[in-house]
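One letter stands for each residue in the lines below.
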Amino acid sequence: MPKLKLPAPPIPPALKPTPRRPHEHQHTAADHAKEAGIGAIGWVDERLGASGFGRWLLFRKVPKGTNWFYTLGSATMFAFLNQAITGVFLAMYYDPNAINAYESVRYISNEAFLGEFVRGMHKWGSSVMVILIFLHMARTFFFGAYKYPRELNWVIGVALLILTMAMSFTGYLLPFDQRSYWATVVGVNINGTGPLVGPYLSDFLRGGPDFEAITLSRFYAIHMMMIPGAIAALIGAHLYLVTKHGTTAPPWYKAETDPELRTEKE
Amino acid sequence: MNHRQKEQYLRDYSVLKNQGKPFWPYAVAKDGAMAIVVVAAIMLMSLILGAELGPKADGTTTTYVPRPEWYFFFLFELLRVIKPPYLVPLATIGIPTICMILLFLLPFYDRGPERRPERRPIATTAGVFTIVAMGYLTYLGAAAGSPNEIDMNVPASVKAQGVQAARQFEAGKQVVAQSGCLACHKIGENGNDGPGPHLTEIGDRLPRDAIAQTLVNPTAPMPSYAGLKESDPQRFENLTAFLSELKTQD
Ligand code: HEM
Numbered sequence: 001m002p003k004l005k006l007p008a009p010p011i012p013p014a015l016k017p018t019p020r021r022p023h024e025h026q027h028t029a030a031d032h033a034k035e036a037g038i039g040a041i042g043w044v045d046e047r048l049g050a051s052g053f054g055r056w057l058l059f060r061k062v063p064k065g066t067n068w069f070y071t072l073g074s075a076t077m078f079a080f081l082n083q084a085i086t087g088v089f090l091a092m093y094y095d096p097n098a099i100n101a102y103e104s105v106r107y108i109s110n111e112a113f114l115g116e117f118v119r120g121m122h123k124w125g126s127s128v129m130v131i132l133i134f135l136h137m138a139r140t141f142f143f144g145a146y147k148y149p150r151e152l153n154w155v156i157g158v159a160l161l162i163l164t165m166a167m168s169f170t171g172y173l174l175p176f177d178q179r180s181y182w183a184t185v186v187g188v189n190i191n192g193t194g195p196l197v198g199p200y201l202s203d204f205l206r207g208g209p210d211f212e213a214i215t216l217s218r219f220y221a222i223h224m225m226m227i228p229g230a231i232a233a234l235i236g237a238h239l240y241l242v243t244k245h246g247t248t249a250p251p252w253y254k255a256e257t258d259p260e261l262r263t264e265k266e
Numbered sequence: 001m002n003h004r005q006k007e008q009y010l011r012d013y014s015v016l017k018n019q020g021k022p023f024w025p026y027a028v029a030k031d032g033a034m035a036i037v038v039v040a041a042i043m044l045m046s047l048i049l050g051a052e053l054g055p056k057a058d059g060t061t062t063t064y065v066p067r068p069e070w071y072f073f074f075l076f077e078l079l080r081v082i083k084p085p086y087l088v089p090l091a092t093i094g095i096p097t098i099c100m101i102l103l104f105l106l107p108f109y110d111r112g113p114e115r116r117p118e119r120r121p122i123a124t125t126a127g128v129f130t131i132v133a134m135g136y137l138t139y140l141g142a143a144a145g146s147p148n149e150i151d152m153n154v155p156a157s158v159k160a161q162g163v164q165a166a167r168q169f170e171a172g173k174q175v176v177a178q179s180g181c182l183a184c185h186k187i188g189e190n191g192n193d194g195p196g197p198h199l200t201e202i203g204d205r206l207p208r209d210a211i212a213q214t215l216v217n218p219t220a221p222m223p224s225y226a227g228l229k230e231s232d233p234q235r236f237e238n239l240t241a242f243l244s245e246l247k248t249q250d
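Just so you know, the protein sequences line up as chains A and B, in that order.
Per my numbering, residue 1 is the first one in the first sequence, and the count goes up by one each step.
Per my numbering, residue 1 is the first one in the second sequence, and the count goes up by one each step.
Rather than coming from a laboratory, the hints here were simulated on the basis of the structure.
A portion of the hints provided could be inaccurate.
Straight line, CA to CA, 20 Å or less: simulated EDC-like cross-link-like pairs of lysine to aspartate or glutamate [unchecked claim]: (1) B:K30 x B:E7; (2) A:K254 x B:E230; (3) B:K56 x B:E230; (4) A:K244 x B:E201; (5) B:K56 x A:E151; (6) A:K64 x B:D209; (7) B:K159 x B:E170; (8) B:K6 x A:D95; (9) B:K6 x A:E256; (10) B:K56 x A:E256; (11) A:K254 x B:E170; (12) B:K21 x A:E256; (13) A:K244 x B:E230; (14) B:K159 x B:E201; (15) A:K64 x B:E114; (16) A:K254 x B:D209; (17) A:K64 x B:D12; (18) B:K56 x A:E111; (19) A:K244 x B:D232; (20) B:K30 x B:D58; (21) B:K56 x A:E35; (22) A:K254 x B:E7; (23) A:K61 x B:D12; (24) B:K229 x A:D210; (25) B:K56 x A:E212; (26) B:K229 x A:E103; (27) B:K229 x B:E170; (28) B:K17 x A:D210; (29) B:K247 x B:E201; (30) A:K61 x B:D110.
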């Protein structure tokens, strides 16, 4: 059976396990479990061939100088995951029609187990995600990270920004209280003032010339099926490109012509 | 960037990349720490700030505050800054669309090889200006609020018409105060200056029928109050009566 050779993760020397001497070698239960584990992973990998992908993703290098600003992108992704997970739980109770929507949200807030906590996480998570996405965008902007060869990653990013704002806009209506209802009426009207496509856009959002029950179902479908799928797919493309090109080094770092000159430092 | 500059960049980059640390476990540890901070912050906000739920939506009542989520304030404030009606489409859709197109195309018109912010004065200034402008508009939006009281005495011209008229004026004033009109209009010293026009002297400009017409069938972004007219014609009458009495006083 071909054994999978996992590359050793580059951990600092102090933490590396000392190899065992041959005479200490004995087959404990732990050893057998380890063998079985490696065997199982090897079996799967023989059929999936995913280990190359894992190596490509995890054992690449990030350039010198990579700092905390570089965590903002993945932080945005975690905020998105938070929205996705809490959103699924809200969807278990939410009823997207104009008659019951408000009651179902009230039920979530007041009666469902941890309901208000999950709804709060979804609500505040949206603010956090918007803040993080703007910070991440500012980072890539000021670091000039949108330049060659990462132009397309910037373009995907802008699409993600627009979709994220569209998520906030459609989600705001769903609790169907006075505040969200009237804010959305005004928001859809604002869309309608746009040149050329404006009126069509607001008709599409409302599902007709007037703001009615069907509007809510429409917002719900857009909010929980159309956009999240698109965002997930685009994040995938975004991260593929990030891994392919590597993240930029901070613009202040210059490559030294002879790396030997600096081996003494660090 | 020309061909030589591209090659130069890729060469420099591969040197820097080789001097860096592996993604696993170094970058993963940082990203993980950040993820914990993010989720903990969200949980704390949820616990401390909760998730309020206002009264149920109702297209026929009008006691509401048309306020978007805070991160849309800057768009709404843009409407206040740009007032002339013929410019409204520009403010609502025009400017955001132009900004989005400029953002999309950024890597295609800014193609210089320089990446340090202090050596890209135009890009950096534009970026800082955008952030300051958005921050300022968001602040304005947060500070504006939506007053729901009108401080105004019954004018002499209405008093002269008798007690009935004065009472209707007061009642109409209540309706306007509770209906969120002041979020977009200014009446005397009350309310916000924009995006809608001042209503202080609306009675001079429009007859009562035309005002009623505007309320039922307004120009966006003002919402329609047709629902109020159907469900509570009396309140709607009071509303138009009040507005049509708002005239220059001498
Ligand atoms: C859902 C939203 C987004 C997610 C989950 C996301 C995720 C990421 C991640 C994990 C990285 C790796 C480096 C880092 O974290 O800084 C990255 C890089 C990048 N992102 Fe995003 N991003 C999002 C939105 C955006 C937006 C709105 C823009 C800009 C308009 C953008 C432009 C870029 C660029 C240019 C890079 C390459 C940076 C470099 O190589 O230094 N992203 N993104």
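Taking the hints in turn, this is what the structure says about them:
Distance restraint check for K30 of chain B and E7 of chain B: the Cα-Cα separation of roughly 31 Å exceeds the 20 Å cut-off, and the hinted pair is therefore not satisfied. Restraint check: the Cα-Cα separation between K254 of chain A and E230 of chain B comes to about 71 Å, which exceeds 20 Å; the hinted pair is violated. At roughly 19 Å between alpha-carbon atoms, K56 of chain B and E230 of chain B fall within 20 Å of each other, so this suggested pair holds. Only pairs whose Cα atoms come within 20 Å are accepted, and K244 of chain A paired with E201 of chain B is rejected, the gap being roughly 64 Å.
This hinted pair does not check out: K56 of chain B and E151 of chain A have alpha carbons roughly 46 Å apart, beyond 20 Å. With a C-alpha separation of about 72 Å, the suggested pair K64 of chain A and D209 of chain B falls outside the 20 Å cut-off, and the hint is violated. With a C-alpha separation of about 11 Å, the suggested pairing of K159 of chain B with E170 of chain B holds against the 20 Å cut-off. Proposed proximity of K6 of chain B and D95 of chain A is contradicted: the alpha carbons are some 54 Å apart, above 20 Å.
Of the supplied pair hints, the one linking K6 of chain B and E256 of chain A holds, its CA atoms being roughly 17 Å apart against a limit of 20 Å. The hinted pair formed by K56 of chain B and E256 of chain A fails the criterion: a straight-line CA distance of about 65 Å is larger than 20 Å. As the CA atoms of K254 of chain A and E170 of chain B are separated by approximately 73 Å, the hinted pair breaks the 20 Å bound. In summary, the hint linking K21 of chain B to E256 of chain A is supported, as the alpha carbons are separated by about 17 Å, within the 20 Å threshold.
At roughly 61 Å between alpha-carbon atoms, K244 of chain A and E230 of chain B are farther apart than 20 Å, so this suggested pair is violated. Between the alpha carbons of K159 of chain B and E201 of chain B the distance comes to roughly 17 Å, so the proposed pair stays at or under 20 Å and holds. Between the alpha carbons of K64 of chain A and E114 of chain B the distance comes to roughly 19 Å, so the proposed pair stays at or under 20 Å and holds. Pair hint K254 of chain A plus D209 of chain B does not hold up; C-alpha atoms about 72 Å apart against a cutoff of 20 Å.
Straight-line distance between C-alpha atoms of K64 of chain A and D12 of chain B comes to about 12 Å, which keeps the hinted pair within the 20 Å bound. Using a Cα cut-off of 20 Å, the hinted pair K56 of chain B and E111 of chain A holds, with the two alpha carbons roughly 17 Å apart. A C-alpha spacing of about 63 Å is found between K244 of chain A and D232 of chain B, which places the hinted pair above 20 Å, so the restraint is violated. Taking the CA atoms of K30 of chain B and D58 of chain B, the gap is near 48 Å; set against the 20 Å cutoff, the hint is violated.
With a CA separation close to 61 Å, the supplied pair K56 of chain B and E35 of chain A exceeds the 20 Å bound. Using a Cα cut-off of 20 Å, the hinted pair K254 of chain A and E7 of chain B holds, with the two alpha carbons roughly 15 Å apart. At roughly 15 Å between alpha-carbon atoms, K61 of chain A and D12 of chain B fall within 20 Å of each other, so this suggested pair holds. Straight-line distance between C-alpha atoms of K229 of chain B and D210 of chain A comes to about 16 Å, which keeps the hinted pair within the 20 Å bound.
For the suggested pair K56 of chain B and E212 of chain A, the alpha carbons sit about 15 Å apart, so the restraint of at most 20 Å is met. In summary, the hint linking K229 of chain B to E103 of chain A is not supported, as the alpha carbons are separated by about 27 Å, beyond the 20 Å threshold. For the hint linking K229 of chain B to E170 of chain B, the alpha-carbon distance of about 18 Å falls within 20 Å, and the restraint holds. Annotation: proposed proximity of K17 of chain B to D210 of chain A is violated, straight-line Cα distance about 57 Å (limit 20 Å).
Among the hinted pairs, K247 of chain B with E201 of chain B is consistent with the structure: their alpha-carbon atoms are about 4 Å apart, no more than 20 Å. For the hint linking K61 of chain A to D110 of chain B, the alpha-carbon distance of about 28 Å lies beyond 20 Å, and the restraint is violated.
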